Structure formats: structure tokens, C-alpha cells
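Listed here are the chains, written in short residue letters.
There are 6 protein chains.
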Amino acid sequence: MNAPLRPDPLPATAPDWGLDDIVRGLHAAREQWRLAHDRKLETSGREFPSRSALHDIIERLCSALFPMRLGPVDLRQGCSEDFYVGHTLDVALRSLLEQVRLELRHVSRHVSRQNPVDPQQLEERAVDIVRRFAAQLPDIRVLLDTDVEAAYRGDPAAHSVDEIVLCYPGTLAIIHHRLAHTLYTLGVPLLARIVAELAHSTTGIDIHPGARIGKSFFIDHGTGVVIGETAVIGERVRLYQAVTLGAKRFTVSADGTLEKGAPRHPIVEDDVVVYAGATILGRVTIGRGSSIGGNVWLTHSVSAGSVVTQAFARNEMMENGGGI
Amino acid sequence: MNAPLRPDPLPATAPDWGLDDIVRGLHAAREQWRLAHDRKLETSGREFPSRSALHDIIERLCSALFPMRLGPVDLRQGCSEDFYVGHTLDVALRSLLEQVRLELRHVSRHVSRQNPVDPQQLEERAVDIVRRFAAQLPDIRVLLDTDVEAAYRGDPAAHSVDEIVLCYPGTLAIIHHRLAHTLYTLGVPLLARIVAELAHSTTGIDIHPGARIGKSFFIDHGTGVVIGETAVIGERVRLYQAVTLGAKRFTVSADGTLEKGAPRHPIVEDDVVVYAGATILGRVTIGRGSSIGGNVWLTHSVSAGSVVTQAFARNEMMENGGGI
Amino acid sequence: MNAPLRPDPLPATAPDWGLDDIVRGLHAAREQWRLAHDRKLETSGREFPSRSALHDIIERLCSALFPMRLGPVDLRQGCSEDFYVGHTLDVALRSLLEQVRLELRHVSRHVSRQNPVDPQQLEERAVDIVRRFAAQLPDIRVLLDTDVEAAYRGDPAAHSVDEIVLCYPGTLAIIHHRLAHTLYTLGVPLLARIVAELAHSTTGIDIHPGARIGKSFFIDHGTGVVIGETAVIGERVRLYQAVTLGAKRFTVSADGTLEKGAPRHPIVEDDVVVYAGATILGRVTIGRGSSIGGNVWLTHSVSAGSVVTQAFARNEMMENGGGI
Amino acid sequence: MNAPLRPDPLPATAPDWGLDDIVRGLHAAREQWRLAHDRKLETSGREFPSRSALHDIIERLCSALFPMRLGPVDLRQGCSEDFYVGHTLDVALRSLLEQVRLELRHVSRHVSRQNPVDPQQLEERAVDIVRRFAAQLPDIRVLLDTDVEAAYRGDPAAHSVDEIVLCYPGTLAIIHHRLAHTLYTLGVPLLARIVAELAHSTTGIDIHPGARIGKSFFIDHGTGVVIGETAVIGERVRLYQAVTLGAKRFTVSADGTLEKGAPRHPIVEDDVVVYAGATILGRVTIGRGSSIGGNVWLTHSVSAGSVVTQAFARNEMMENGGGI
Amino acid sequence: MNAPLRPDPLPATAPDWGLDDIVRGLHAAREQWRLAHDRKLETSGREFPSRSALHDIIERLCSALFPMRLGPVDLRQGCSEDFYVGHTLDVALRSLLEQVRLELRHVSRHVSRQNPVDPQQLEERAVDIVRRFAAQLPDIRVLLDTDVEAAYRGDPAAHSVDEIVLCYPGTLAIIHHRLAHTLYTLGVPLLARIVAELAHSTTGIDIHPGARIGKSFFIDHGTGVVIGETAVIGERVRLYQAVTLGAKRFTVSADGTLEKGAPRHPIVEDDVVVYAGATILGRVTIGRGSSIGGNVWLTHSVSAGSVVTQAFARNEMMENGGGI
Amino acid sequence: MNAPLRPDPLPATAPDWGLDDIVRGLHAAREQWRLAHDRKLETSGREFPSRSALHDIIERLCSALFPMRLGPVDLRQGCSEDFYVGHTLDVALRSLLEQVRLELRHVSRHVSRQNPVDPQQLEERAVDIVRRFAAQLPDIRVLLDTDVEAAYRGDPAAHSVDEIVLCYPGTLAIIHHRLAHTLYTLGVPLLARIVAELAHSTTGIDIHPGARIGKSFFIDHGTGVVIGETAVIGERVRLYQAVTLGAKRFTVSADGTLEKGAPRHPIVEDDVVVYAGATILGRVTIGRGSSIGGNVWLTHSVSAGSVVTQAFARNEMMENGGGI
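Residue numbers (full-length UniProt numbering), protein chains in the order written: chain A, 1 to 324; chain B, 1 to 324; chain C, 1 to 324; chain D, 1 to 324; chain E, 1 to 324; chain F, 1 to 324.
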């Protein structure tokens, strides 16, 4: 297909990139890195989970969760639907087991190197994680159904619940999140993070897998939404695009490293709506039923039923002013 | 390629996920959903349009609209160009017909269930929709050429019109929009929405297919742009990243449902420029030739020739203040 | 797989889209465009670089730069690692040479049409560009290692440097940028731009390949970041999502065209942090060690060590105000 | 990957093949053919079964028949095995239904054109054929197990029954034949023939789907074996490569056409062995337990227990004779 | 999919194949070969035509020759059929041009090394060959139609002409041969040979592209047929499986090399039938209307209307003789 | 692409194949087989080597053995050639190791079940086999070069040695054989057999991997050639199509099983030629320099320099005899 269309008559010397030198240069750069990070020669192949493997796994899980809407075009309900779901889960879980192993092994070798895990224990833990994950899938489906209904009720442009599952980036993000969060709580945060980034890349919605989100959650449009690791979100919450539930400036310890793990993102109670572009930072609480206006910048708690808007939004806009 | 590299010597028992239980659990969850939504058993296969099929269709249409720039690498102008365009359209339209059928059938079964459409009528309508769509393609191409020229005139970094077609996410978004809007006006809003989401996912630009946009339209950078369903945009309008042309809070009827369909997004007249991050909400009118500054929050109409900027942008910034 | 499941019993007439007319209409639209842009018949095939070819090339380069983390799953360190790197580079550079040729030829024919380049000279230049590009790869790898370390130090949620390479969209963006910037400085700006757009589409981070960025650079979250063509960024700079380093309104010459190429984007000195949503416009300088708060809108220079926040962020928020 | 490596500096005129003329010439040739065969314009797409679709279907059926040996590498026995079998059959049978429809429709339009079948009846017949086919699969598996055991007992080089299923072309041929013969008896001879040719192409063994073959059948090596449409083969028969069970010269009717359908191939009774290269022609009977020697040419019946060899095989070979 | 299912707990050392030594050993073997054959370093990439490229080209040509039967499933007759044919030919011929170039260049460098062809002349010749080839396609289609009809008339098992095109290996072989023979006569024998081997591999029918074959040719079953380079076959000839039209022992010159190019295979006149397994060797003539029986070994000419059978076929078979 | 073209208006009931019953039936058939063969439940996944994996491995080995002729189109000689060879071998050997493991494990479990191999020993043996195999590759290449030269000298139609490598099925067969034979002698006969069948399927040439074949071996045309497990072939031997070097009737032991392993195929000494269709059976010796004529049937030894032809070939052919 890529056949060139013109003659190449001149006796050209073929390009010589000095490939040997470049390969040596890259080799040296890798050595330098490995020395700096105290990595010894890895004789056993790449040890990291694979983004593309997780992409496949999530796609299969989506098909198994919503077989008639995200599964293959020609599936029928009835007995063949269960054959499909069973076989698809079988393949997905088997492949997930391998990824779980890779993360556990990686942690064992590089992170807790002083105290490596016994291989047999590691394997048992991997199997246990996948088994627990699998067992939660029916509940995850029920939870996702509440999200789909919330989106249907929340968007006047939606024609049917089916459209929500097929088209809405917010749906894709919450499916990924509920799977990623389960992985996170089961002890494979790197897998969880990769799953979250898959959704981030496709939808522009960046939810850390650590965030805890109640049922009937809906994000409209969604591009630019960021939800931090320790955020806690209640039931029936609705967010619009570019909303940030973030941390304030990190606490730096005396030794210059960042303090990790402490609660540092907002708590958003039930029935809150946050409009586009609003930024809520720090471990503050947004009381239930509150409404946070577009572009609002909020770094303290507000009580239940609050309606927060930008001060200047109503009265400080200057028109016909000079050039920006 | 994925061959494991180490022995697996231990007589391990194979993982048993309790697959039968999970399949039953998922089956029950689906049943519950179908009951809740009054769906009867579908014995005839999945009925929804397919995102991946539409992805293919749009790719082919892009190739047919711009054969020398988005078509295959080795295409030549002249008679083989028309063979290519004709064949590519033939495949794309045939495949589109199937997707149109799926949407019409879905609507007939689930949305207007009381009043199902006669299959023959449905088929005739599907064919008619595709025929009308196809007939508009030359005009769409002419319109897109004005958009490409607008981008070239509007971006000092652009070296050639060809670069605009090949590289600019705004170009991708407007091609998708003009195709999606045509589908929307022809009565297949679900297909239109899927096409819009394809562009949203790739470019971060979220234009509802209902939006009416005049010629010579240009979006620069684009990530985070949201344009609502009833927005009306004139000719030679230019938008930057993260601009929202949205609705204000929705009107909720007495019965608690959202009011649908009413005009609720801005009208932007000819020759308006809206800078990055500006938010314009509600059925307001931005008079022709106006310039809306970056991050401006605007919820009322402005007359022709207005220049709107943020009040504080010039004089209220505090420097060396305390921590955020 | 797509077999229809129902009979198709009616003797329907097959759809006739009037394909001949549409092909003629599109042909006419293309002719009109070519006339308007003074393009003569191209008898030699498509002349533009290919986005999908560049996607492949960049993927291979990523694998060659980080073979154990972005390369194939079953690679081992040691001698086979160098075989892999050498072969992968060989394929990537060869394919890049073809794309470089396409850009140079395109420029020669359409942009500097008065003064076309001699084919042999063009070929020599293409080979020279690829050779120079290849020679810089080891240095690029060293530079990227500083970026990865900066991310690790800058994000309290990061568990290991490996996680940074595998999961962080900011890492993907800076790898693409450092490769794109090298292409830009070597004289193939169109290729550079396509590479930048590949990252933009995946990460929502839009860095113009012309931007100059020092070592240890880190973008967290990233969606909505825009960095302009003439921006200059020092070492150890950290940006959050939705930060814009943009130009102010363009200068329009007397003849109505935009002035091109002049420095028009910010200079950000070493050790600066810019928080989410901040917008910095024009050729201003952010002094070293400064901290620019979230959502700040800044169009003038600030001296070293400045801490800039939104005035209203602390004291002007109105709560329980009326509807937005 | 196919990037050319040399410059193409000469301003060559692009090749012009006179494509319009060739397309017209081919169009005329097709018209001539359609006229000669009284085909009217087909406005409804290609109507023939598809070789590649049948290839897929047979592959799936093989996997469903022998899941642990011809199915996917990572299948496990137990409940996931049945999920796999159920889902694989579901896909295969659905796809087979479409192919059955295509054959029935083709026959209805072109072969029995005077008496076209009602579409609804045609559909019912198609479904009925697939249902009957599906119901026979367990029996076919049992029959194939006897063939595998026969091969194991018959070949001193075989190490295990598993090797027979994985490696022996004779096994591939008999699996295809037993499926093809079932299709043949159910009334879709064209599908049956395509399935037979798939095996012929891979193994060089050409068994007409009409042939009736008893259990425990074994063909060793196999290349060049030809078994005709009306051949009847008993139980525990063994054939070697290049054996022909063919027809004698066809009877030509007065009108010059060949007489069709009459029994014209051999009957081979139980426990017969036919060695390599033997040719048995016409409706003759090879009595049970007979042994037909290599290269024998046989056109009459032989009684049970016969041992037939070439006369010259033992005593008429000339050595050191002249040049051939 | 290939995830291993068991733990790999033992700290195994990774296999070390001594890859460096093997690569050096293979390098030395290649050097030795290149020295022995006086090949200098090829700095310009592989120079041979590609079997897989030719496979693609032939598949496209088959689709263009028989669009409704070998083309895509959903093609319709009428205007879209010609778009398809035109575009398919465009791609196929372009790709063929590249392969023709590769053969001509290879011959110029290695075979007629003393007298290398000027690159521009070579290009002109390549274009000329493809143009002539393309121009003959309509005639080839007409010729192939006669072959299809001959098969239909000659096989009592055939239900329709369509079945012949779809299922018969003899049809596949003759389509390949008529294309290969055209390439052979146009001066690209290596391409022709590769095309012939593609058919040989699929059908077991081995026709040298040099053989001249008249219209209405039919090979039944076909496995094992061999037709030599200088064979000449008239019209309406019918062959069965395992027929050889070969050369007698080659003439060896005084210098020990084989004499090339001289006519050394049979001439088979019009209306001849050759039954399965017959071997005809040397430049003999089989007179028109003759019938050559199965397994006959023939090394001299026979006059028109001859009926040749094996002497022993009727009366020398020994039954119940000893063991072979 | 497979979009149906007609409406499907009738409210058909979807086909119901009784899938549950069929799955149960197949399950029962498998159980029956497993009981009959004393297989216990395999909880650890499929244990057999994979034909498609071996296909890949052999393709990579061919590319590594002949990089400039069977490798990728755009490879260059020089340093990039060795990178390619090294990387290709690395992937191929790694994948081969997995297949070797599968065979050893299969043997350990099913064949020598009484005496299972210790897993660690098994792994060591697998690695050892691949290491020895790899070490022989340079010698195999040298040997294959003699075969290629023999083909060039032996076929008057060959234009260049390159053509032999690219086109000749005999070359493909001998490359596969020399690799398969090495595997066979190293103790993985099942892998060896699968490799042999890959060549058999493509070329119609069936060489048992146990056969020992000297250098400079050439098979012309080849379809139908069969060479048995214990055959021994000297140097510079030439065979034509349909030659059999087979066993006579097998010796059956008192217990009814076939005797295995004993030498039972011919010894063919140096410089022998065997013409098409000749059959040589049993442990006979064909003395060096002999010539065995076409279709000869030979079951006893002949001394050096013999010329054997069919008795009737010269004088017993009957012409114009009755019908066959």
C-alpha cells in the first residue's frame, strides 16, 4: 500500500545513523539510572503491569457487566448471554491474575526489598485479590445502574438510559472508577491507577482510584474534572466539567519530602451539585444539599444547604473596558 | 511473545473464582434492571448503534471528504481519486444505513413503544435519511474549507492550510460536528451524539450535535470547550480552549422532571471572539464583533462590538499574599 | 460476527444514493479549493506526513528509550536488550526518514514554490536531520530521567519511579515534547506539531513543540494545560492542570495578517510552581522560585520569590447568594 | 515499515494505466457473462456463501468439539470450559445460519428460478437446518473420538492420542468431513463443498462431502487422497496417501450432458486397508477385511479377505535398463 | 490471553542462550555465502520481491476480476461496482509496480551485473510492464469465463457456475496461472514464479508460469498436477489429479551444467483428456481428441484420437498374492 | 462491512438451538473420553504445544537464518542486520522455550505418568534443549546453503540462487526439516512433528522429522513426497514429486500392537536421483549414484550405480485399447 511512485535512480549511499554509538549511549544512560536507583540486573523479564493488558481486561469486564449494551453486537438474551458472560469473565479474571502477580512481585522486589514476600504467599495473595474482586462484580453492576439512572434524571438532553451507557463520558469514567477503586482497596494501587488513567485519557476526567464515591453519581461533560485520592463523595452528587476536588499546598516535612496519605481532599455530602469550573481545595466539608456555583474557588467548609456563587459574577463584570 | 520465563514447579490448585455464582449474580442484576425499566426479553440481538462502527464510518467519510490529505498515503489525483471516493462512500453509507436502522428500531421499540413503526416504513425512513445525508456531503466539504481557511488566518503559528487539516484538533472537532449536526437534523440524534463523543474523546472539545454553527468557525487549542444543544453561532466566530457556551440552572417542572428542548444556550453573532476559559451561560446574545476576555463569567446579553474583560484582571491581583 | 438474526423477506429495491452525483459534487468542491489555493494536479501521490506513521515511530522510540518499562513485556536486560534497542531504532529511524522527506518535499513544492529545492539536496538534508535527531536520543533519555524523578518527588501519591513512567499523563506529554522539540529545532515543524498533537489528544496537555523546557519538569493531572510556541521554562518547574502559558491578543499588521514568530509567551524561571487553572499571558517573566496560585490571571512580570494569589480567593466569596 | 530508502529526485510523470478503459473493459466482460447466463442486475449485494466466514465457523466448531486441545491455550476444565463451549457455539451457529441463508437464497434465485421459495419459508428452513446440525454435534464428537483412536492404533510413530489431534492432517480432514457431510445431508451442499475444500487446501486430502464414512477411519500422510461423492466406506478402514476412490469415465447422455447423481464410486467394506497410490474406480465393492496393495489399479469388485498386489511389483522390475 | 496460571516461585536464573555467539556465527555464515557468490555489501535494503505483497496483489486482482463473487460480501452491482473495481485495481497495480521494480533492479544488480541498466530506463520499463499487464485484464477475464464454463460442463457434481468460482481448486490454479503467465511473457519471471507457487501451495497444482494453455481448460481435484515450463496445451483440455506433463532427463552439457530453455515438455492438442496419475514426459505431441488413461506412463507422441491405457490395467492384476 | 442491505420486518422468533442441551451433550462426550483414557480433571489449563505458536517461531527463525531474503523488506546489511537477527532470535527462542516446557510437562503427566519428572529438573532440561538448539543454528544455515546451491544446479528453470530461497517449496520443506530434525534429536518429538506438518500443509511434502538427510539435498516440485521416520539419505540426493521412501507393512506383535522404533525405511546413498512417483519401501539400500525411474515400485536393495526403470514403460503400453 505504501509503494513509492517514483524511480530512485541515483546511486545514493544508504543512510548510516551511527546506530552502534546510539545504542551504546542509551545503554550507558540506562546503566546510570539503574545505578542511581540501586536496581540490579533484572534477569527475568519486564516486571511491570501492562497498560494494554489492563485496557483489554477492562473492556471485557465492561462487556460482562453490560452484555447487551457494551458486549458484541449479535449477542442475544437468554442462555447464550450467560455463556458469554461466563466465558468473558473467565478470560478477564485470568488475565487480571497475571497483572496482580506482576504488581505484587514488583512491590516485593523494589519497594519492600528488605522484606521480600515468599513466592507461594505472593501467589496466594494474588489469587485472593482476584477472587474478592470477582465476587464484588454483581454489586458493582447494581451500583452502576444507580449512576446511569442519575445521569438520565440529571441531563435534559438524554433520550433514554441506553444512550447514557453508550455515549456519556461520565458513564465511562464512573465504570472505570468503581472497578479501579475496588482494586485500590484490595491492595493493588498501581493497577488501580492505570485503570484510572485509561479513563482519564479517554474522557479527560481524572478520578484518583482512592476516592470514595456514593451511589447515583453523575458527571456531565466532564473534561478537566479532577478528584483527589482522599476525597469522599456522598450519594446523588452531580458535578460538571472542570470541577476540582483537590488538596491545598502539600505539607513538606523537615526532611523535604512530602507527607503522604493523610486526608487532604474535600468531603462532599449527599445531594450536592458543583457547577463547571468550581475548585474546592483541602479537607473541607460541603454540607448536604449545597450548591457550588461555576468557577467558585472554595477552601473552607460550608454548612448543609449552602448556595455559593462568585461575588463578582453578578455585579463586577466590566464591559467595554480596555484591551485585556 | 508473552511466554513466561520461569518454571512453575509447585502443584498449585488452579484458582477457582466461583464463576457460576458471579454469573448468576450478574444475571440477577440484569433482570432487576430490566424489570425496573419494563424491558421484556430481547430475543433478537443487541439493538444499539455501535460506537466502533460509527468510528469507522466517520473515518471513511473524512477520507472521502479530503482524499488527498486524510485518505490513504498513496492516492493520486485524477481518475483514481474518484474511484477511491466513490468506493469509500459506498462502504461508509451502507454501514451508516445499518446504524440508522438500529437507532430507528430502538426508538420504535423502547421510546415510542405505544406506537411502534411499521418495519417497511422504518426501512424507507432509514434509506431516506442516509440519502439526504449523502446528498449534503459536497456542501459540507465546502463549509469545512471555510473553517480550514479561518484557522489558517487565525493562528500565527500555522504554516500552511494543509497543516490545519492534518494537525489541528479544532479541525477534527468541526468535521465531526458538521457531520453529527446533519445526522441530528435528519432525525437520528443518538448517532449524532455518538459522533460528537468520538470527537470529544479525541480532542477534549464537547460540541452538542444540536448546536448551529456558521461558516469559517475556528477553535484554537480547544481542550475543555463545551457548546450546548441550543447554542447558535454566527459566521467567522473564534473560540479558545475551555470556553463554555452553556445553560443556566435547568428549570424543574412541578413533577420534578427537567424541562427539555427549550432554547437555553447563548446566541453568538458573527465575528465574535471568545478567549480561553470564558463562560457564557443562558439564552443570552453576544452582539456581532464582540470580544469576550479570558475567564470572563457572563450570564447576560451584550450589544454588538462589546469588549468584556474580568474586572479584577487589571487591578485586583494581590501579590506576595499569604498561602492560597 | 455481525450476522443479522432475522429474515429479510421483502423484495426491497436496494438503496440508490445517487453516488455518481455525490462523487461529482465532491470532485467539484476539491477543484474549487485547489484553484483557490493555486494547487496544480498532483500526479505523484499524497505528499503529507502521516499521523499514524508518526504514532508508530514515537511508540518505537519510547520503547527504545525505556526498553524495560515501555518495551515488550518479555524483554530481558543484558545483551538481548541492546539487540532490541538497536533493531527498534533501526525501524523507527528509517520510517522517520520517510516522514522527514515528505515534509521537506511538501515545503519545497507548496510553501517555497518559487524556489524549489534540488531533489538530491533535499534527500541529503532529510538524512542529516534524522542523523542529528538520532544522535540526541541518549541525551534526551538522561533529560527524561530528571523529569521522572521530579514527578516522583513532586507527587505524594506516587509509590515508585516506575509508576511515574507507566501511568502519569505528564510523563507521556514530556516524552512527546522532548522528541517534538528536537524535530522542531532541526527544521521539521510539521512533524513536530503532529507529535505534539498525539500527546495532546491522549493527555489533554497541549505543549507547542517550539517551547523550551528545562530539566526536572513536572505537570500533575495536566488536562487543559496549554504552553505556547515561544514560552521558555527553567529547571525544576511544576505545573498543575489547566495552566495556560499563552499569548495576549495578537498584533495585527496593517495588511490585516497576524504577525508571526515574535516572542509572545511567558518566561518561567527555575523552581517556579504554577497551580491549577492559572493563566499567564504575554512575554512576561515569572521570577525564580515564585508561586502562582490557582485560577490566577496574570499579564505582567513578577519578581523572584513572588507568591501570587487571587484577591477574592480569601475574602470575597459570597455564600447563600441568589441563583448563579 | 516499507519506507523506501533512496531519494526519488527525478520529476517523473506518474504512471497512468488507463484505468478508465480497463474498468470499462472489465465491466463489459461482466455484462457479457451475465447476459450469457441470464443473470439480471443484482441490486442486493453479493449472494454467495463466504469461504472465509466458513473458515471461521469451522475453527470455532473445532474449538467447541475439542476445547482442551484445539481451543484457546489458557482454557481450564470445569465450569469455565462449558462457558467457553456454549459461547463459542453461539457465535459459530449464528454465523452458520447466515451462510445457510445465503446458500438457500442463492438456490432460490438462480437454480430454481422458476419456482422461488417464499422468504419466510426459506428462513424457517435455514433455522431448521442449523438446529439439526447443532443437535448432531455431540454424536459427531463421539464419532471423531473413534477416528482418533484408530489413528493411534494404526500409526507406530504416534506417541499419544493428543498428538493425533494436534498434528495429523488425516485428523483435520476427517473433522472437516464429518461436519461437511452433515451439512450435505441437511441440504446445503455448497457450504459442505466449501468446508471440504478448506480441508483439501490444507491437507491435500480431497473427500467429497457426499461420501459416507463409518467410524474409526484413518488416513495416513494423506496428500493426494481423493474420495468421490457416492463412495461408501465401512468401519475401521485405513487409507494411505494418494489413494483414489473414484468414478470411471462418466456416462454422457444423448444430449451431451453428463449424467449426475448415480452411484459411481466404490463401496469399501469394514476393516479394509488400501495402501499408497492405489486407485479404485467405479461402483465396485471391496469385500471386508481386504488389503489393496500400493499403486494397484482396480476396476472390479473383490471378495472379502482379498489381498491384491501389482503383478509386476514382485517380478517384473527391470534394473540397469536404458535411460527412461 | 496467554497468562500462565501457576506461581513461579523459584529464584531461577534466566536462560542465557549465548545469543552474542550465535549472532556472530550466523553473521559469519552469511559472510561466507556472500563471498562465495560474490555479493557485495547491500547498503540499500532487501531487494527481492515479496511473497506476501504478491499474495495481496493477486487477491485484489481476483476481487477486481470477479467483484460479485470474490469481492467483498456487501458489494452491489451498478455504479458502486465500478468504483470498487477501479479503486481496487489502482491499489493493486501501484503495489505491483513496486514489485516489478524490485525484480528488474535485482536482475540488473546480480544477474546482468556486467551490464547494469540505467535507473531511469529501468523505471520506464517497470511502468511499461505494469501498463501492458493492466491492459490485458479484460481479456484475461473473458478467458477465465471459458475455464469456468468448461469446469461446469466437465464435472457432474457441480451445481452452478458460481460454485465453480467459489470452491474449485482448479479455478484458483487457472486464475493464478493466467495472471502469472502474463507476467512471465512481459519479462518478470520471478514474480510469475512466486504467483505460481502461491497457487501450488494452496491447491497442490504446480503449473510453471511459462506453460501456454488454451481456453476452456479444466483440472479436476488437482492435487499433484505438474505442468512444465515449455508445455503447450490446446483448447478444451481436461486434466485430473496427479497428472504430470514433464521433461525427460535433462541434457547435461560438456561442462556439467544443465541446458536451459529448450522445448522439453509435451504438446497437448485440443480436446484431450488426461486421467489421474498419468505421466507424459518429453517434447511429445498428444494428438487432438486423445484420451490418456489413469496412471499411464507415456514418453512418445500419439496421433489424434488415440485412447491410451495401461496394459496391465485390464488383465495383469494378481489377486490374493503374497504380501507386498 | 457486513451490513445487511434489506429490511427485516417480520416479528420472527429468534432461533433457539437448544444450546444448553448441546453443551451438556458435548460435556458428556468429553467426560466419556477422559474416563476411557484415564485422564483426571486438568485444573491447570491446556497443556499442549501450540501449532500457531510454532508457526510464529519458525517464521522468526527463517528470518534470522536468511535476514536479507526472508526478513523484513527494509532491512539493511551491516550493523542493523545483526541487531535484527539478535532481537528476532531472542523472541523466537524465548517462545520456543515455552513450547518445549509444554511438551516436557505433557510427557511427564500423561506418557510417563508413573514416574513424573521433578519440576525443577524439567525446567533445566527445557532450557538445555533450547540452548543446544540455538547453538546449532549457524551450522544449520551453512547446511541450508548447500541445499540452495544444489537446487540451483539441479533445476534448469532457476534463474538465481535468490529465486530458490524465495520460491521453491522444496526449500521451505528442507528448512523446516533441518529445524524439526534438530528438535527431534534433542528430545521434543511432538514439537518436531508439528514443525514437519507446517511444511507438509504448505508444500505437500511430508518428511518425518526423524529422517536423517545429508547436505545438498533437493526436492523438485515436491507435492506428494513422503519420507519416513527411519529413512537415511546421503549427500547430493535429488527427489521429484510424489516419491515415497516408506515402510512395508508393519510388524504386528502377538498382543496386536504395532512394533515401534525399528529401522523400517530405505537408506538412500550419496548422489542418487529418484524420479517422480517412485515408491521405495522397507529397509532397503539404494546404492550410491543410482537412478530410480518414475513410478518405479521398489522393495529390495540395488547396488551402486543402478538404473531402475519400469519394465512396461518402454514396451508394454497399449494404445487405442478399450475404455479404461
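Note that these hints are calculated values from the structure, not bench results.
These numbers were taken from a predicted model, which means no experiment stands behind them.
Positions of the beta carbon are idealized from the N, C-alpha and C atoms, including for glycine.
Possibly wrong hints are sitting among the right ones.
As the list claims (entries may be wrong) - Dumping the calculated DSS-like pairs for lysine-lysine here, alpha-carbon to alpha-carbon at most 30 Å:
no.	chain 1	residue 1	chain 2	residue 2
1	E	Lys215	E	Lys248
2	D	Lys215	D	Lys248
3	C	Lys215	C	Lys248
4	C	Lys215	B	Lys215
5	E	Lys248	F	Lys215
6	E	Lys215	D	Lys215
7	A	Lys215	A	Lys248
8	B	Lys215	A	Lys215
9	D	Lys215	F	Lys215
10	F	Lys248	F	Lys215
11	B	Lys215	B	Lys248
12	A	Lys248	C	Lys215
To be verified - Label pairs and their calculated CB-CB ranges:
no.	chain 1	residue 1	chain 2	residue 2	range
13	D	Ala135	F	Glu235	32 to 40 Å
14	F	Gly18	D	Arg283	33 to 41 Å
15	D	Asp21	C	Asp139	54 to 62 Å
16	A	Arg132	F	Val117	47 to 55 Å
Unchecked claim - Listing some non-contacts, in silico: residues in chain D with all C-beta distances to chain A over 10 Å:
no.	residue
17	His37
18	Asp90
19	Ala157
20	Val232
query = Which numbered hints are broken by the structure, listed smallest first?
reply = Result: hints 4, 6, 8, 9, 13, 16 and 18 break, sorted rising.
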